[in-house]
Every structure is written in C-alpha cells, then in structure tokens.
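Q: Here are the chains, one letter per residue:
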Amino acid sequence: MTQRLTIDLTVNGRPRQLDVAVHHTLLEVLRDDIGLTGTKECCVVGECGACTVLVDGHSVNSCLMLAVEADGADVRTVEGLARDGELDPLQEAFLDNSAAQCGFCIPGQLMSATALLDQIDDPSDEQIQEALAGNLCRCAGYEQIFAAVRQAARERSA
Amino acid sequence: MSTMKVGLSPHRVGGYERVTGAQEYLADIPFTDVLYAKLVTIPCGRGRIISIDKSAALAVPGVRLVLSAADLPQPVARFGPQYRDRPVLAVGETKFHGEPVAAVAADSKDAAEEAARLVKVEYEVLPGVYTVAQALAPDAPLVREPELRPGDELAGSNVLTRRVFEWGDVDTAQADLVIDESYSFPMITHFAIEPHAFAAAPDDDGIAIWSTIQHPYLLQRMMAELLDLPLAKVRVYAPDPGGGFGGKQNMKLEPLVAMMALQTGRPVRLVLTLDESFQASRRVSAEFRVRSGFDRDGHIIFQDIRSDYMLGAYADIAERVVTKSQYTAAGPYKVPNVRITARSILSNTTPACAFRGFGTPQVNWAVESNIDAGARALGIDRAEIRLRNLATRGEEVVPDDTPADGLWPETVRAAMDAIGWDTPTPAGRGRGIAVGIKASATTGLSYSTVRLLADGSVLVFAGTSDMGQGARTIFAQIAATELGAPMDAVNVVSGDTSVVPYDQQTSASRSTVFMGNAIMRACRDIQAQVRAMAATAESVPESQIVVDRGVVSLPGGDVPIVDIVRAGLGKLGGEIIGNGMYRKEVQPEHPLGGSPAFYEFNCTAVELSVDEETGHITIHKHVIVGDTGKSLNPAQVAGQDEGAAIQGLGHTLMEHMILDESGRIRNLGAIDYRIPTSMDLPLHMESVAIENGDGPGPYGSKGVSEGGLLSVQSAVGSAVADATGVVIRQLPLTPEHVWRSIRDARASQDQ
Chain L
9 MTQRLTIDLT
19 VNGRPRQLDV
29 AVHHTLLEVL
39 RDDIGLTGTK
49 ECCVVGECGA
59 CTVLVDGHSV
69 NSCLMLAVEA
79 DGADVRTVEG
89 LARDGELDPL
99 QEAFLDNSAA
109 QCGFCIPGQL
119 MSATALLDQI
129 DDPSDEQIQE
139 ALAGNLCRCA
149 GYEQIFAAVR
159 QAARERSA
Chain S
-16 MSTMKVGLSP
-6 HRVGGYERVT
4 GAQEYLADIP
14 FTDVLYAKLV
24 TIPCGRGRII
34 SIDKSAALAV
44 PGVRLVLSAA
54 DLPQPVARFG
64 PQYRDRPVLA
74 VGETKFHGEP
84 VAAVAADSKD
94 AAEEAARLVK
104 VEYEVLPGVY
114 TVAQALAPDA
124 PLVREPELRP
134 GDELAGSNVL
144 TRRVFEWGDV
154 DTAQADLVID
164 ESYSFPMITH
174 FAIEPHAFAA
184 APDDDGIAIW
194 STIQHPYLLQ
204 RMMAELLDLP
214 LAKVRVYAPD
224 PGGGFGGKQN
234 MKLEPLVAMM
244 ALQTGRPVRL
254 VLTLDESFQA
264 SRRVSAEFRV
274 RSGFDRDGHI
284 IFQDIRSDYM
294 LGAYADIAER
304 VVTKSQYTAA
314 GPYKVPNVRI
324 TARSILSNTT
334 PACAFRGFGT
344 PQVNWAVESN
354 IDAGARALGI
364 DRAEIRLRNL
374 ATRGEEVVPD
384 DTPADGLWPE
394 TVRAAMDAIG
404 WDTPTPAGRG
414 RGIAVGIKAS
424 ATTGLSYSTV
434 RLLADGSVLV
444 FAGTSDMGQG
454 ARTIFAQIAA
464 TELGAPMDAV
474 NVVSGDTSVV
484 PYDQQTSASR
494 STVFMGNAIM
504 RACRDIQAQV
514 RAMAATAESV
524 PESQIVVDRG
534 VVSLPGGDVP
544 IVDIVRAGLG
554 KLGGEIIGNG
564 MYRKEVQPEH
574 PLGGSPAFYE
584 FNCTAVELSV
594 DEETGHITIH
604 KHVIVGDTGK
614 SLNPAQVAGQ
624 DEGAAIQGLG
634 HTLMEHMILD
644 ESGRIRNLGA
654 IDYRIPTSMD
664 LPLHMESVAI
674 ENGDGPGPYG
684 SKGVSEGGLL
694 SVQSAVGSAV
704 ADATGVVIRQ
714 LPLTPEHVWR
724 SIRDARASQD
734 Q
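If you read the protein sequences in the order shown, they are chains L and S.
So the first sequence is residues 9 to 166, counted in this note's numbering.
So the second sequence is residues -16 to 734, counted in this note's numbering.
In case anyone wonders, no lab produced these hints; they're calculated from the structure.
Keep in mind that a hint or two might mislead.
A few chain L residues facing chain S, derived, Cβ under 10 Å [said to hold, decoys possible]: (1) 21; (2) 23; (3) 27; (4) 29; (5) 40; (6) 86; (7) 145; (8) 149.
Backbone N, C-alpha and C fix where the C-beta goes; we use that ideal spot for every residue, glycine too.
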C-alpha cells in the first residue's frame, strides 16, 4: 500500500497542509495535488530545469525532491512571481525581450533567474549563463533570456 | 494616423500566459474522470512477441484497461501520412526500440505505471537493421513485410524509394577538378522540452482528440478515416505545443489513445516521458557520396550526389523529407549538370520524420563541404567560390522551376562583412562560411475568418499551431495594421478544429505567407464591407472612398474604421465578418507536386578555435544572415534565426543517438544526450535580415524559421578545417571525434 504522510508547506505565501504519498516528488504534488501546473515536467532526472522552483529561496529541481523533504519549507513557483496582478519586473523583461518562445522552459528559467537576482544584484554575463546552465531551452532563445535577466537586474537596482 | 504594426516587435501573443505559468499545455489541461495511460515496451529494436500476460497488471487496483494488439479489431488498423504502414500497437513483432506492445489505463498515474511494469511480455530478440550498411546487405531482414508493399518492385529490399533528379549530363561534363568524398549525418532527436502528449474522450457519437500536434486538421482527417467517422465528428484540440521543430507534425500515438478512450468510455491521457519522446521522433540520418566537378575558375561544372537517407521502422513523413530536400540538393547555385540519386532506406529505428530544415542540413553538409574542398584545391577563397556560382533573383537553381527569389549574393556579402571575412583571421582561429536554401511549401491551403467587433476590437481565427515561432503574434500584427486596432484589442483563436477554419499544416516556414495572406484577404473583405457601410452612411459613392490600414478616407477627410463601424452597426451592435483564403494548387506533373512558393536562403559564417589537446571547439563569433523579404517582427526573426543556429550547433557539435547491437537506444534522456545549454553558446552571435520586400507574403515577407539551421554544420566544419588543416566529414564534431581526427591526421603527416 502506498504510504502517506501529512506535510506543511507554504506555497506562494499560502500555508497548506497536505496528505501526500511518500514517494511523490515535490513536482508531482505541486502539479497533481495542488493543481499548480505552471511548473513543468520534462526529463525527471534533474537535467532540463523545466521543473525549477524555489525552496526556501534556493532554486531546486522539483522532480528530484520528494514532497516530504519539503515539509515545513517555503516554496515559490512561477505562479507566485506576480503580485496582486502586477508582473514581476523579470516577467516584464521576458516579455520585452521576446524571451519566451514556445514557453515550456520559461517557468524554470524565471525561477532560476529569480534565485540569481535575489543573491546577486548586478550579475555578470558569466554569472547569468552559469545560473541558467541547468535550464534547457530547445527553442534556444538564450540570448533573449540573458537580455531579459540583464534588464531585470538593471531595473531592480535602479 | 499610422496603424502600421508590422515591422515592430510588440509583446508576444500568449506571452503573458507563458511568463505567469498560465499557458495550458496539453499535460496541464484539467480533465474530469481522466484515465492515465502508460506504454508497455520491450528493451530491443526488433523483437518477436511470444506472449503477453496481463493478469498481474489487471490485478492492480484502479487499472481499467490493458490493451494489446489482440484486443483491437483485426486486422489491426494501420496509418501514416505517406504510407499506411504503422499499426496502432505492435503486431507480432516490434519494429523499433520503444514501439508499444501494449498500453495500460488506470485511475491514477501510480497505478498505470505499476501495471505497465507488471505486464509480462515474453519476447525473442530478432536480427534487425540499424545502419544503412545493414539495411542494404543482401540477406538483410526486411523492415516492412513485402505483403504490405503490393506491386512495389523494391518490396524485397529495405529501400522504400529511389528518386533521381537530373539535368544536363553529368557523365560527359568536362571538369578541370573533381572532388569525390563521402559524408555522414547522424540520428538526432527533436528534444522539445514539452514531451509529446495525447488525450482522447468519447464526444457524443464522435470523438475528441487532444494532441501536441502541428497539423491538427491532418490529424482530424486521418482519425476520421481510421475510425470511419465524418470529419465533423472528430474534434481535435491542439493547444500550443511546447516546441515542435517538425517532431510533432504527424499523428503518432493518437489512434492508440483514441481506442483506449472508446473502449473505456472515459477520457484517457498519455503524456510521454522525455525518454519516450526520443522513441517517438527523430531526424533522418544520412550518408552521402558527392562528386563535384569544377573548372579552374571555380565554376561548378557538375554535381553528382548520391544520398542514402535512413528512415525508421515506419515512414511517417520521412520519405517526403528525402524527396523534397534532394530536389534542391545542389544548393542555391547555377549548376549546368546535376544528378541526384536519393534512396529512402527503412531500418529498425525510431521512425524518422520532419525536423526543422526537412532533410536539407544533411545534404548541405556534404555538398557545401565538397565546394570547400574544391576551393582549397583550386586556391580560391571559400566565399568567392560561392559568389561565383550563386544564383541571384530571377536565375534558376532547378531548371524550369521557381527561380531565385532574392538577392542572394547580397546576403553572402552581408555575412562576410559581419564576420570580417576580408580582415586577417586572428592567430589560432579559423573561419568558415556556408550557404543553404530550402524549398518552402509546394502546395498549401489556409482559411481565416476575421471578426471586427462593434468596439473596433478584432478576433482572428487561424488554425496555425503556435509552437514558439510566434505565428499568432504575426497574425495579430497584420490584423491590427489592416483594421486599425491596438495590439491588445486583437485576439487570435486557434487550436480547435470545430471552431477554427481549416489550415492545411504548420510546416515549411509557411504560416506567415500562407495564413498571413489568408488573414490579409479576410481583412480586405472587412475593409470592402466598411467601405460600403461608409458609402451608405455618408451618402458618398463607394468609388470616392478608400479603406486602407485601418483608415477610411472620405472626401471630407480621414476617419478611423472603428468610427464608421460603430455608427454603421447601430444600436443592435453586431460585427463585421471577413473571410480569406490562400491556396497554392497541386501541380500533378511536378516532381514535388508543386513548385516552391519561395525559398529560404541563409548564409552562416563562424569564427572558432579548436583546442587540439581536448578537441573542444569554441565558437568566437557566429553570424546568421537570412533573406526575410520583410521582417514583420524583427525580434521574432532574430529569435528564429538564433534559435535555429544554436539548434544547428547542437547537431554539429554534440548530438547523436547511439544504438547497441540489438537496436536499443543507449543514450535515452537528458543525462546521456546533450543539447546546447547556456554554457555552450557562441561567445558572440549576430543575426542580420536582408529585407527587399520580394516575398509572396504580406508586405513582401517570406518564411524564416529554418534558414538559420541549414548550413551551420557546413560553416563550422569549414572553420575547423581552416583552423587545424584537418577536414572532418562525419558529424557530430564532438571533442573526442575532433581530437581523434586531428591526431590521426597528424600521425599520417608524420609518416
């Protein structure tokens, strides 16, 4: 029988108590149990970054983390970037730079970039490239994504 | 009063949804009472299915169906866009690694996965063919049963078709220099970040299908034929694919999911894993032998191109890939004598299909590299030899067919300028330059309905799939321009065959031209109605009224369309509906069924260095110049050009599917199959658009989505040879391959 445990999570600022299967990943719980489908599933081995979320401020491949490991954590997903209907400057910058093509990798890119900008106000190009190295984009809109992150960094520090 | 919205780069239509996580891809759609499906496969390429024991799987709580070929109506239905060769489930034997032998549907994902593991398949590994040489061996096992090829003289072989395109006389042509070399291009997978996904549900007396498909209307037709239903009873929902690149053009597992839905009476959804997506689609691999004849001034005297393209176990659209790409295999040049002999060869591998470039990058690698070899042997600059042979606007590349439709030498010169071709190459670096053309759509049919609403806002119905190329943004820009609406008052509706009029397909970089023109005509239809409305309202003859780009010009002055419409529609409100169609008819006598509507022409130039100790290539500068006719959205053009270029770099430098001796793919998934990351990019990238307004699309536009990928490998190979003096003719140029090639070349020099 599937073993289940009760966990407490704060997801995008909202406290939730959830009864989860112990073998389910944070990705599965976010998408299937809570219905937050903005976080995407692709490789499920932690290589593509489509499932990136912030757990206590750190970017994490949610496909590699069991939901029970996130018990007590503060989780932020792409749905939590906009506040009161206002897009985050990073999201605006992605729109301004046509950085979202098919868009499937974009939630993960946004979360990795958020983690970067939360740590470094004015990242260098190399730091941006390294911070996003775990987020594959097959449309290969990398130049546009870098430009968006640079724009957001400028606006944050302005 | 300019309403011009083309030539600008507004926010992408669907962009807000993409940056907020609100975009609903197929896996995100909420379904009520849905069943989760999981495939059952065996770990070999070709295997005989001895028995399938479902009992343990059926005992898993929540399992509703375990389906194998024996449970389907017999004989098992077959389908395919070119040949009806692919069964809904494997019949008797698997033809490639990953072909489903059964499928499970259950109330939960966990139950489906557990049950799929518990389906016991007894099988025997059979000898299969996994390379061109194996497929062509005299005693090779046949991939397709001869009884499925009645009347086909090649049925006793693995050669599906042999096509010859020929003009002039290669055998008697006199050349001062002949280059005769062989090349190869490996199997590559699409690796869209969204894995393929499918769903189906009974829909009254018909069926509803959801698919990550590029061609929803072709899917609708094929499903209607397969299920013997009227078209109107097959409703295809096609949410924006999360990347397609050709891999999602044609029907694959939709019939299986549909049959599961019909058997259970419930919605069924199958979301593939990335590993399974590798087994759903790949690029056609190829081997070439090219003999190129030159005179001493570098003019190409003949091209004798022998191409062996390796298809997978089922043809999908791959035979068309071969035929179409080979038709223009001699490239954008004026070549008086050409013979192209192309074979499509079946193998026990992932069904190959369309992939951005549609067979052209493969043959471009061989032909462009041979031209480089000619230049080196003759002591002619590699850009100069191309300029001497290039066709320019009005000159033919294939006799009696669509002539060059752009100032192609101008494109090459722009690339030379951008890379600094005429400046000295920095020490330790090499440069390369290459060109490519791709024939665009040869037939086409797109319909659009545009509705101008009472407040001046606009609904555009366009059945094109927006898989990241930004089609809906372009369509909104056209409608906004023609009807004078702000961009945020235009909505583009797509993705539902019961609501949106027919669009033949989303492929061949056609949509800006074909659907763009259909929308333009629908807008013209509305403009004509507005003109009549204005004539009545103002009591002015229609002949004295001009409606153009959102503005109604009356004898008394200019008025925005919306003012006329608001007044004209009156108290009841309502709307003005326009219809447009753009059609390119079949030409039955044409080898491709029609002449190309336009060409995508692109020149790529790179500057790179090679670390001879490791074989690692660093691209210092990568220049892409495409002839767009007119860039309707410059940011999206750059996104397409640069994205295609980086995808091409993946093909060139790192990607290949590796099989073991039983045909099993050894590098399934993201750990063992690498694609370019943010750390693998050229240090500097530049894309340039040549805009002469000479395309057949709206405002003189052409399609642009494949050009940047056509000749990447050729430019890089050329630069590697320039940097190291070592010519490599097999892709990909992985560090190991480059290191070994340099070492072997140096060793043979020392002897």
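Q: Okay, which hints does this one fail, numbers in order?
A: The structure breaks hints 1, 2, 3; every other hint is satisfied.
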